[in-house]
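There are 6 protein chains.
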Amino acid sequence: MGKLEADFAIYRERMNERILEEDNRVIKRIYSVDSLAYAEGGELPKRTRELLGLVASLVLRCDDCVKYHLVESRKAGNGRKEIVEAMSIGLVVGGTIVIPHLRRAVEFLDDLESSA
Amino acid sequence: MGKLEADFAIYRERMNERILEEDNRVIKRIYSVDSLAYAEGGELPKRTRELLGLVASLVLRCDDCVKYHLVESRKAGNGRKEIVEAMSIGLVVGGTIVIPHLRRAVEFLDDLESSA
Amino acid sequence: MGKLEADFAIYRERMNERILEEDNRVIKRIYSVDSLAYAEGGELPKRTRELLGLVASLVLRCDDCVKYHLVESRKAGNGRKEIVEAMSIGLVVGGTIVIPHLRRAVEFLDDLESSA
Amino acid sequence: MGKLEADFAIYRERMNERILEEDNRVIKRIYSVDSLAYAEGGELPKRTRELLGLVASLVLRCDDCVKYHLVESRKAGNGRKEIVEAMSIGLVVGGTIVIPHLRRAVEFLDDLESSA
Amino acid sequence: MGKLEADFAIYRERMNERILEEDNRVIKRIYSVDSLAYAEGGELPKRTRELLGLVASLVLRCDDCVKYHLVESRKAGNGRKEIVEAMSIGLVVGGTIVIPHLRRAVEFLDDLESSA
Amino acid sequence: MGKLEADFAIYRERMNERILEEDNRVIKRIYSVDSLAYAEGGELPKRTRELLGLVASLVLRCDDCVKYHLVESRKAGNGRKEIVEAMSIGLVVGGTIVIPHLRRAVEFLDDLESSA
Numbered sequence: 026m027g028k029l030e031a032d033f034a035i036y037r038e039r040m041n042e043r044i045l046e047e048d049n050r051v052i053k054r055i056y057s058v059d060s061l062a063y064a065e066g067g068e069l070p071k072r073t074r075e076l077l078g079l080v081a082s083l084v085l086r087c088d089d090c091v092k093y094h095l096v097e098s099r100k101a102g103n104g105r106k107e108i109v110e111a112m113s114i115g116l117v118v119g120g121t122i123v124i125p126h127l128r129r130a131v132e133f134l135d136d137l138e139s140s141a
Numbered sequence: 026m027g028k029l030e031a032d033f034a035i036y037r038e039r040m041n042e043r044i045l046e047e048d049n050r051v052i053k054r055i056y057s058v059d060s061l062a063y064a065e066g067g068e069l070p071k072r073t074r075e076l077l078g079l080v081a082s083l084v085l086r087c088d089d090c091v092k093y094h095l096v097e098s099r100k101a102g103n104g105r106k107e108i109v110e111a112m113s114i115g116l117v118v119g120g121t122i123v124i125p126h127l128r129r130a131v132e133f134l135d136d137l138e139s140s141a
Numbered sequence: 026m027g028k029l030e031a032d033f034a035i036y037r038e039r040m041n042e043r044i045l046e047e048d049n050r051v052i053k054r055i056y057s058v059d060s061l062a063y064a065e066g067g068e069l070p071k072r073t074r075e076l077l078g079l080v081a082s083l084v085l086r087c088d089d090c091v092k093y094h095l096v097e098s099r100k101a102g103n104g105r106k107e108i109v110e111a112m113s114i115g116l117v118v119g120g121t122i123v124i125p126h127l128r129r130a131v132e133f134l135d136d137l138e139s140s141a
Numbered sequence: 026m027g028k029l030e031a032d033f034a035i036y037r038e039r040m041n042e043r044i045l046e047e048d049n050r051v052i053k054r055i056y057s058v059d060s061l062a063y064a065e066g067g068e069l070p071k072r073t074r075e076l077l078g079l080v081a082s083l084v085l086r087c088d089d090c091v092k093y094h095l096v097e098s099r100k101a102g103n104g105r106k107e108i109v110e111a112m113s114i115g116l117v118v119g120g121t122i123v124i125p126h127l128r129r130a131v132e133f134l135d136d137l138e139s140s141a
Numbered sequence: 026m027g028k029l030e031a032d033f034a035i036y037r038e039r040m041n042e043r044i045l046e047e048d049n050r051v052i053k054r055i056y057s058v059d060s061l062a063y064a065e066g067g068e069l070p071k072r073t074r075e076l077l078g079l080v081a082s083l084v085l086r087c088d089d090c091v092k093y094h095l096v097e098s099r100k101a102g103n104g105r106k107e108i109v110e111a112m113s114i115g116l117v118v119g120g121t122i123v124i125p126h127l128r129r130a131v132e133f134l135d136d137l138e139s140s141a
Numbered sequence: 026m027g028k029l030e031a032d033f034a035i036y037r038e039r040m041n042e043r044i045l046e047e048d049n050r051v052i053k054r055i056y057s058v059d060s061l062a063y064a065e066g067g068e069l070p071k072r073t074r075e076l077l078g079l080v081a082s083l084v085l086r087c088d089d090c091v092k093y094h095l096v097e098s099r100k101a102g103n104g105r106k107e108i109v110e111a112m113s114i115g116l117v118v119g120g121t122i123v124i125p126h127l128r129r130a131v132e133f134l135d136d137l138e139s140s141a
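For the record, the sequence lines run as chains A, B, C, D, E and F. Just so you know, we're using the working numbering here: the first sequence kicks off at 26 and counts up by one. Just so you know, we're using the working numbering here: the second sequence kicks off at 26 and counts up by one. Just so you know, we're using the working numbering here: the third sequence kicks off at 26 and counts up by one. Just so you know, we're using the working numbering here: the fourth sequence kicks off at 26 and counts up by one. Just so you know, we're using the working numbering here: the fifth sequence kicks off at 26 and counts up by one. Just so you know, we're using the working numbering here: the sixth sequence kicks off at 26 and counts up by one.
Derived from the structure by calculation, the hints contain no laboratory data. Heads up, some of the hints might be wrong.
Given that identical chains are not distinguished, each listed pair holds provided it fits within a single copy or across any two copies.
[Stated by the list, open to error] Once the Cα atoms are required to be at most 25 Å apart in a straight line, the calculated BS3-like pairs of lysine-lysine come out as:
hint, residue 1, residue 2
1, Lys28, Lys106
2, Lys106, Lys53
3, Lys53, Lys28
4, Lys71, Lys100
Here the structure is a predicted model, which means the values were calculated and not measured.
Okay, chain A solo, but in the shape it has when bound:
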């Protein structure tokens, strides 16, 4: 695991635990439906659904969400060319305002690959 990925994963895990300890039913259900949306099964292959989550995260400009879906998109079998092309759709739809997020996404992708 690369450094950027490790930092992200550790913080994410720790804070998700804290959030679920709040024992708020609404929050728990949102976490649960989030898992369901990307689970195996479904009409579209998981690899496609991960790219959908990636592009949605990119146009909404959420760096941590992008990181998460970059990890999952690779695990689901998408290659770099496919991931970059998916992000290019996000860039066209979302405009140049997306570029700084694309920089951080590509940096994270490099980190993921270098540690693979």
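Guided by the hints, dock chains B, C, D, E and F onto chain A, whose structure is given.
Coordinates of chains B, C, D, E and F only, in the frame set by chain A:
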């Protein structure tokens, strides 16, 4: 062609022409790269790229963009189940604020299918 | 029921039914958690939670969501002064871009009250 | 005055009056600082500040705000070429999601000019 | 005062001073109406208005604004359960894209409480 | 060159190179139209177009985009008073949610000037 689709297509066509008549180089190039992003060829199948454009449009809550990608997603070979599942990803990522746009999307989809 | 409220309620009901007929598990669960979030019970009074939903909808500039929470905010016992003050917070946070949505909100509120 | 401009101006005026009748101090002050921001005087010419308001409205995808600043941009002395170029900046920054709003902006601009 | 809170407060204070030294009338008035919106008095209790500001900040995904309203929400008398429930409304309305901001909010809340 | 500016410029340069090495045609064209939009020539002076890019970036709350246009706005001949006034328009349109981004913008502007 259904009524909703026809209204949308006519207005869209007419105003795109007017916009391109402005003869602004920046605008023309954005239109051109928009076509390129969804053209045949590429790493991902067109049917996947259309779903990416659909979900990006849905989370950014652009009804006209959603309509456009609904038309194109169907043309590219996506069935209703796949389209709805793609939109369900947008709903999870974007939250209940997406629901009114999902209503209009499903209404438009019904219109598309009834006229097919 | 006023004309604006009736038009909104009928369309909303009809399309929500269509959406749930898709039988997509993710979508159904989002609808279900949406109900839970504003249900009776909870730490904060329902009247407060409805105002939270109203302001969130206003700053995200979703007219239909605003309409829905205006109806529910009144049902939950909020008076006009309280509703308008809640919206004024949304205006400050969200800026003048919120004004057109505030216009439609006040028009809808007038419609709600005139038919009460 | 063209039809689109007249419809917009009448509704805007009527609802602004209703909003100010709420007698909410926060809302009144936001209206007042909005006027101040585009008033004569200042470091930048009014014609430039109107274009700034126009582009901000376009990338935030607020059709009514765009309409208002189109009217004011012309009054302040901007020609069509300048207005369209300003909007092209908004299109690049905001991406293709801006296109449907650009269509309505150009339609409104045509209406403004045809009635001049 | 916890470390996260102190870092935030010091930077915020220092830069607000710099901003007000610019002596721009529009900026000053926005700062002033911002104070007014959350001041004592008003139709809704301050504790409710702080939660409205918190949820608006959360759905607009502004971490610094969330931090500020977390501090003020507690000062105004809201307990952790109420604050978390308010944020759960923001999560439902804004979707999973809000989760990374919720993580940072809960981390900041822990810091606030540990130093109380 | 100040420290903030240097850090930003180095990272930006390095990652833009990485992005262009992906050899994705859509991404390359977006970069190219981005350059065109702010190039010399055009209907509006470059100094005005840079302010348009700055305000669009500010209301969309993209810190890195704001930094970039602050550098370019100064190079194109805008003074601090003009830049701050342009940002005040962004603050009015975008609301108090813009304030944290304005803090970072003014900090960056100070850094730019101190190193000039």
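Tell me, please, which holds for Lys28 and Lys106 at an alpha-carbon limit of 25 Å: within, between, both or neither? This pair counts as within: shortest intra-copy Cα distance 23 Å, inter-copy 35 Å.
Using 25 Å as the alpha carbon limit, work out where Lys53 and Lys28 are close: within a copy, between copies, both or neither. neither (29 Å within a copy, 29 Å between copies)
Between copies, within a copy, both or neither: which fits Lys71 and Lys100 at Cα up to 25 Å? Both ways: Lys71 and Lys100 sit 10 Å apart in one copy and 22 Å across, limit 25 Å.
Treating 25 Å as the Cα threshold, decide for Lys106 and Lys53: within, between, both or neither. between (35 Å within a copy, 14 Å between copies)
The structure does not agree with numbered hint 3 stated previously, though it agrees with all others.
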